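**Q** These are the residues of each chain, in order.
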Amino acid sequence: MREDRTFKIIRVVGLAFFTLITLFPLYTVVISSIKPLADVRSAFQWVPSRITFAPYADIWSTIPLARYFLNSVLISLGATAISVFVAILAAYAISRYRFRGRGVFSLTVLSTQMFPGILFLLPLFIIYVNLERAIGIQLYGSYAGLIITYLTFALPFSIWMLVGYFDSIPRELEQAAMVDGTTALGALFRVLVPVSMPGIVAVAIFAFMTAWGEVLFASVLTDDATRTLAVGLRNYAIQSNVYWNQLMAAAIVVSIPVVAGFLALQRYLVQGIAAGGVKG
Amino acid sequence: MGSTRPKKPESENLRVGQRSGEHVFPKARVRPQIFPYLLVLPALLFELLVHIFPMLVGVGVSFLELTQFYVRNWSAAPFVGFRNYLDGLDPSGPIGGALAQSFLITFAYTVLVVGGSWALGISAAMLVNSEFRGRRWFRALFLIPYALPVYVAVIAWSFMLQQNNGAMNTLLVDDLHLLKERPFWLIGTNAFWSVVMTSLWRSWPFAFLMLLAGLQSIPAELYEAASIDGASRWRRFRTITLPLLRPVNLVLLLVLFLWTFNEFNAPYVLFGQAPPAAADLLSLHIYVNSFVDWNFGLGAAMSVLLLLFLLVVSVIYIRVLRVGGEGNA
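For the protein sequence lines, the chains are A and B, in the order given.
Mapped onto this note's numbering, the consecutive letters of the first sequence carry residue numbers 1 to 280.
Mapped onto this note's numbering, the consecutive letters of the second sequence carry residue numbers 281 to 609.
Honestly, the hints are just simulated from the structure, not real lab data.
As the structure is a prediction and not an experimental result, all values here were calculated from the model.
We treat Cβ as the ideally placed atom computed from N, Cα and C, and that holds for glycine.
Any given hint might turn out to be false.
[Unchecked claim] Footprint (simulated), chain A over chain B, 3 or more residues, beta carbon under 8 angstroms:
1) 365 to 377
2) 564 to 573
[As the list claims (entries may be wrong)] A short list of chain A residues far from chain B (calculated; beta carbon distances all over 10 angstroms):
3) Pro-36
4) Leu-70
5) Pro-123
6) Ile-135
7) Phe-189
8) Ala-225
[What the hints assert, rightly or not] Label pairs and their computed distance ranges (CB to CB):
9) A:Ser-49 x B:Leu-591: 51 to 57 angstroms
10) B:Leu-328 x A:Ser-240: 38 to 44 angstroms
11) A:Met-197 x B:Val-595: 32 to 38 angstroms
12) B:Leu-522 x A:Thr-52: 49 to 55 angstroms
13) A:Thr-62 x B:Trp-574: 27 to 33 angstroms
14) A:Ala-225 x B:Leu-456: 44 to 50 angstroms
15) A:Ala-57 x B:Leu-591: 49 to 55 angstroms
16) B:Arg-526 x A:Arg-267: 49 to 55 angstroms
17) A:Ala-54 x B:Leu-328: 45 to 51 angstroms
18) A:Ile-135 x B:Leu-591: 29 to 35 angstroms
Turn these sequences into a full structure, and let the hints steer you where they fit.
**A** Right, dumping it as structure tokens:
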């Protein structure tokens with residue numbers, strides 16, 4: 001496209017606008033996290049008069065942040081690993097086989113995206129409690145319960161995206177491997193999966209972010225020992241006497257892993273969406 | 281595959297050993313009908329456990345008077361037929377009136393957030409679509425709100441929107457002098473705008489991401505040719521960009537609509553369990569009925585109504601636009 005002068009001016013103004021609206025809350029969080037408590041409780045100052053890094057140290061004892069952190073890491077990693085594996089298998093079947101019920105399955109999985117979470121939250125809680133009573137597997141208040149819940153949240157998008165990705169890869173690649181005597185599963189994991197890495201990485205980022213940020217189900221399905229960051233910080237934030245500087249420090253600490261991971265891998269996410277969604 | 285299965289493959293009739301571009305997998309032929317089912321089985325089991333089965337239980341609960349008296353022993357809750365639904369759908373009653381109010385608020389909120397996200401997303405995507413210095417950095421910056429955990433984004437806004445020590449009032453009142461009094465953002469009618477702003481800030485980058493991926497797949501030669509023919513920028517946008525973005529837009533708008541209409545996190549983290557009337561979004565309204573007022577039967581009936589509404593809108597949307605699509609394309 002020819003870049004005329006008008007467009008360059010529009011671009012500078014436009015980018016300035018988007019930069020400002022994006023940075024306004026981010027700047028507020030960062031600057032408030034290094035102010036003393038008295039300063040965040042009085043009128044907001046753009047430039048802090050005093051700077052302290054104490055909030056970053058104090059928050060760990062104000063709330064059990066380390067505990068929440070560990071819980072969130074284990075639950076999110078577990079949900080991501082399993083959902084990616086399960087999505088790869090399902091997407092492979094949908095992309096490479098024509099079987100009865102294929103359309104119904106895809107439609108059912110996709111339509112679960114539409115369910116209001118609030119509709120199945122209480123039933124799920126009841127089912128988890130009863131499963132525990134019936135077969136002795138603890139699901140309520142356990143990592144397993146939340147891992148299972150979160151992995152299904154990521155599945156519809158993951159399967160949909162991977163089907164699009166797999167469809168864009170020629171079948172001859174696996175067929176060549178299978179002629180050499182590899183099984184279908186072998187061809188999937190040794191041929192198709194390696195060349196689909198951008199799509200798989202995109203799906204994994206999505207699954208991790210979904211689990212890391214979820215509030216509603218975590219607030220009902222966890223107990224004190226398995227409380228995640230989402231619930232822990234939310235519960236602290238709505239108290240009447242909040243140490244805002246410490247809360248902002250915590251917000252930054254818990255965001256760094258996902259934001260850094262997302263930004264490092266966003267190239268794959270864009271490629272994955274382009275291959276899986278846009279063309280699909 | 282397909283040699284031993286009783287059903288014919290959908291696309292074409294294949295015979296044993298026949299060559300075709302599609303699905304002739306030597307090893308899979310051993311048990312051709314079972315293998316794909318084994319592959320989808322784990323996904324199916326998880327979906328059944330977490331979504332399908334609980335949803336059916338939820339539909340069942342919607343016909344019960346499952347209030348706080350029966351929480352410990354919910355099998356004793358009396359069957360009340362469609363009473364929960366009738367209560368919810370009667371706009372002149374207290375329950376139905378509040379639900380209708382909440383529905384209208386959610387509708388207005390959804391229109392503003394989805395429309396705003398699309399408008400901001402397409403504008404930003406057009407700005408960074410062509411190559412320039414620092415483009416990578418802007419793209420990454422704009423994606424940060426979407427990359428942040430939802431609750432962090434909402435907590436940040438709830439701090440900014442504090443009446444006495446929030447950055448918003450400092451900006452509007454002390455710096456820009458747009459307002460004389462420091463308004464309350466999280467109570468009263470302003471609460472609606474607070475939840476719209478918060479959601480919009482978080483969701484427009486998703487539209488940006490999808491639309492940018494869409495724009496990148498449009499060949500630059502199309503624009504070159506149109507430019508040479510003297511088409512204005514606006515005309516190129518209308519005749520090239522919009523039609524070619526149609527597939528992305530169809531999916532994007534539907535997904536944004538469903539997410540926004542079901543939005544729970546923003547009001548829940550901004551306002552806690554007692555949202556101001558002006559920001560009483562449906563999901564939180566149902567949550568309060570179920571888990572605060574302990575009327576699970578009513579909450580379940582409201583959820584089913586919400587699901588039916590989303591289902592009907594989605595089906596109409598897909599039908600109408602597919603028909604329209606054949607006419608345009």
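**Q** Against the structure, test the hints numbered earlier, and report the numbers of the ones violated in rising order.
**A** 1, 5 and 16
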